[in-house]
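The whole structure should be built from the sequences, with the hints applied where relevant.
The chain contents come next:
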Amino acid sequence: MPEFTDLLFYAFAGLTLLCGFLCVANPLSRNPVTSAMFLVLTIISMAGLFVLLHAFFLAAVQVLVYAGAVMVLFLFVIMLLNIKEEERRKMNIAAVGVGAVAVATLAGILVRALWHATPLATTATVEGSTRTLGRILFTRYLLPFEVLSVLLLVAMVGVILLSRKELK
Amino acid sequence: MDFLQNLDPTVQFILFSVVKIGVVFGVTMSFVAYSVLVERKVSAWIQDRVGPNRTAPPMAQFVPILGPFLTRLGIFQPMADGLKFLLKEDFTPSYVRKVYFWIAPAIAVIPAFLTLAVIPFGSTLGNPGNKMVIADLDVGILYTFGIVSLGVYGIVLAGYAANSKYPFLGGIRSSAQMISYEIAMGMSVVSVFLLVGDLNLSKVIEYQAHGGWLVFKQPLAFFIFLVAAFAETNRLPFDLPESESELVGGYHTEYSSMKFALFFLGEYANMIASSAMMVTLFFGGWTLPFIGDPASGLLGGLLHIGIFVAKMCAFMVLFIWVRWMFPRFRYDQLMDLGWRRFIPLALANILVTALVVAFVNR
Amino acid sequence: MSATATLPAPAAVPPPPPETVTVKVNGKTVQVPKTMPNWQGKPEPTTMLQAARVAGVEIPHYCYHDKLPVAGNCRMCLVECGTPMMGPDRKPVLNEDGTPKIARSVLPYEPGTPRGVIACATPISPGMEIYADSPATHQMREAVLESLLINHPLDCPICDQAGECKLQEYSVEHGQAESRFVEAKVHKPKAVDLGPRIILDDERCILCTRCIRFTKDIVNDDALGIVNRGSYNTISAFPGKAFDNNYTLNTVDLCPVGALTSKDFRFKMRVWFLKETSSVCTSCGTGCNITVGAREGVIHRFEPRSNDAVNGPWMCDSGRLNYKWIGRADRLREVRIGGRRSNWSTALREISGKLSTAPAGSVAIVASARQTNEELYLLKRLATRLGAITDSIVREGEADGLLVSADRNPNSNGVRLTGMAYTEAGIQLPKIAAGIAAGTIRSLIVFGEDVTAHGLDAGLLAKLDLLVVSDVLPNPTTEAATHLLPGAAPVEKRGTLVNTKGRLQKFNKAVEAPGDARPEVEFLQELVEAVAGPIGTATIEGLFNRMTAEIAGFGGVQWAAVGDTGITLSL
Amino acid sequence: MSTKVVERKPLTAWERSYVPSILGGLGVTWKHFKRTAPFLGNKPITMEYPEQKWVVPEGYRGAPYLVKDQDGATKCVSCQLCEFVCPPKAIRITPPGAEGQPADRANAEKMPLEFEINMLRCIFCGLCQEVCPEEAIFLQKDYSLTGVSREEMVYDKEKLLKLGGTHAGVQKWKHKLEEAAEQETFPVETAAATEATK
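Taken in sequence, the protein lines are chains L, V, B and G. Our numbering puts the first residue of the first sequence at 1, with every later residue one more than the last. Our numbering puts the first residue of the second sequence at 1, with every later residue one more than the last. Our numbering puts the first residue of the third sequence at 1, with every later residue one more than the last. Our numbering puts the first residue of the fourth sequence at 1, with every later residue one more than the last.
Don't read these hints as lab results, they were simulated from the structure. Values in this document were obtained by computation on a predicted structure and should not be read as measured data. No incorrect hints appear here.
Taking beta-carbon pairs under 7 Å as the criterion, some of the chain L residues facing chain V (in silico): (1) PHE57; (2) ALA60; (3) GLY68; (4) VAL72; (5) PHE76; (6) LEU80; (7) THR130.
The beta carbon of each residue, even a glycine, is placed where N, CA and C say it ideally should be.
So, in structure tokens, the structure goes:
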């Protein structure tokens, strides 16, 4: 049913874009909790996109890690610090200019990269199987993986160090 | 049956899926209703009381012996409870954040039911193609965790929406508690999958059917999973988000009627899902030590489902029993237990299991 | 033995006697005047009871009363005492430390037993020691109380005196905890109809004879006496003599027990529920000081409040019972405009609007000598602003030589002082009537009087454009009013009055006015301020001080200087 | 003030593992479950309230009611001490007044015109019974008072007397009257009195 998956793709993609937009620039509400909830929706829609790509593992991990853990922590912090609704502030022309340039540059790079990219086989080798993914991670991408792990470890140690008063 | 066999496989698949979803949903709902009754009865007996023994439809008194007997057993109580939830005034305080106040109960209840989708609650029914699982996902367990982790939003948003301090505190507690125990829970399961070598829950059962129940191979993992399950379902001794005596009900303080019922439903559905997960992961799912092969006939299939349900019921009773046995943990004790006991234990367990898998099972 | 002794004597404070006597009361040395005023105010040798009072010790007593002749028959005030011992050489015997040796009074035939003396009738002597707290005194009191209670029925639950009964109080304070009396009590008549306002319960009587002495010596109506002998002693009205003078209810106050009770107050309310407010009787020009007993907005009784400058401790029955109209059902409680119910703001706005535009001389004001000085002062301001012709109504009766004054208005002097009436009240009324008849007077303001009974009949009133009437009870004038403003009874407001002798006295609010009714001062102030400009004060105290500063007759008295018993103005 | 420092017993590793307390808890709950659960052959051990009524012990402080004496006369003389002493101000008595109806009992002279107890306010403290000089009000055994309106829960004199029943005690007013009649010192004049002396 190719038509059906296409439909789903557009639906998820549209949802991702809409929720992403509402997350950063919601015209109706400037409540930080609302923004966070739209971010969660964005993440879940992206997980849907992953599912359409048959990357079930990625989809599940996306939801589990980002929606299930990171965003809950965000909410936790928002609620614990009792962050009030953000005040509307005046547009700073310089900031808008810099922002526009930055977005344009990023978009240019992306378009250029996609333009020159050669499309992979649609049914990728990462299809569903976690086993394959794990194997690739621990063979071909072992070094980046380990470097990342060490980075996370360092970050963790740093956080513990910062949060412990008596260690200062 | 014939016309069913002759249908297009896709249509047949969809048909069976819809039937399975319907049946699982219905069964779960009635399970929820009656587990409330069991909870009330068991708690009554533990506390030297009688429990619900009055409610009965008018016609029950005309049935000799059986009517009064069922009435005293409280069989009709869940009906009255359900009716009450439906008919009570649905009250929305004026100061709440309306949108979140309305969607929070739904968010609380949906993940609990979604989790049930990947649980293989039986082998097959009728023909070998009809696997007794709604969605036989390869990443079943990850899916489960992903969905369960979304369950916290219901509670957090409920606490936030109520816009008053006790629910708010409940919501905050809940978010911290859920994250903490999710980590321990996830890590405890990793060792299981190291042994099984697959994330598909059907494969886990397959492994246990031949290799013996995982509870014997991974008792520590089971123990951590069990305790984390209590924490994840907000059941005593970890019911800090709602703790009546401190937070006057916590996140659902401001809720009434059907919206309250949804939280209630969510909690029990979560219990059912957790029980099902434990049965699947550690107690061999629908298998018994001497029944391991997928059923060939209708009767065998039903028997397997029966076995699964029986095991699940045992866990439900455990959930209920524990509630009336323990006092509530203090919040720092809860955090201490999660972060400083279970996570290191689970990590050690993974390490040992990995070593064993690497060197012994090779 | 004249009644005038109890009446206010303007120069009642005699110069203090130079001579003093030193006595010891409960071991405390005090200087006591050698003579003190007796019940008639004449100097007499100071008694032990008075000396103890000077020392701040109250000796319990029943029959003794400041304003009654001493009888000395109840024996409650028995105390042990001692006098300096005299040696055979007629010199005081001294102790080793040089202090005079005291000989305690003992029974002559039994020197070991202390002998009590009645403090109310025994004069003091120099160096005397009074033991009001000694064991022997206590024992004597116990014995006296036991004796008094022998035939007392102990029916406090149905006795109106309970709660303010000296027998109860002293029994608790000085009596024995338990009765030793097992014999049958002597039963005497109960609920005897002694007079039109008095009920006598002979069983409760302790025969102190206060009532007899009061009736005979104060009221000069020798109506009561004791009949029968011994245990069968009973108070009774003499045959053929009715106990119906206008002061009988004072015997109820005097009676230390519940023997004499008021028919009016009988079984109406227990006294401990009554909220007591200091007030002044407004039934006549005497202005007897009273205590209003009210519970939850209902007046239950008036009682005299002691004020030697006005009424002593007494008041007349007619004044005492003149409270029932306050709770009447037909009290005016609604503001009415043209006979229809309205509200204060509308009525006051309309009145002030009409008065502000009234030409000078077209307004007449009839005030009442029952109004307070503050109300009259406000009316006077209004009258001055409007150039109004004012008057008040005279109300005369017969004086009885005791407390009832011929002037039945409580504030005739206030009317005169504020200038609401000229030297004589009532002489302007015919002019007002003529003015209305001639059409020159278009507006009339009437406060608390029924002018139809004083020459302004309904036909005349009908000619008016504006008839503002403020009153408490309905009458033909209130019926005719275009604007009817319900006022408050004296117990429902605060204010000051000046009695016939020039005593300026204040009274307090005991209950709330019913319905929409408001104290006149309040709405008058609003009205006067709307018509004649702001006064600059909102309280009754401020109003009073402003009035006394403006009107010379009040002598600049400040509110704070008018105590609970008032102050005498030199008229 | 002396302080006693209580040493906290250090827990062993076994105790800290929660296992003994878990087993203990299981033991306790199971013991009760076994004793109560009907399918283990038990009878209910609680009282089935609406059907089975509790036997009220002596001295129980239930609702206060007015009582009559053995001649069926109102004992209350409207002394209003209970009204005064009542901490929540639940009692309200209207005294008879001077022209009020005479008391049921000769010689007692008065009885309340109206006697109301607001059972919603009443705290069943028993001070009214304690203070009553006539033994006319008693806290009786009613503990389940119900009504559908506030007005209904204000019990008036008739209701209180009806609910209160009879309390046989010393009839002091009657006794006094008899004594007086015996003494023949003064004739007791009221009609009720002559009847009582017969």
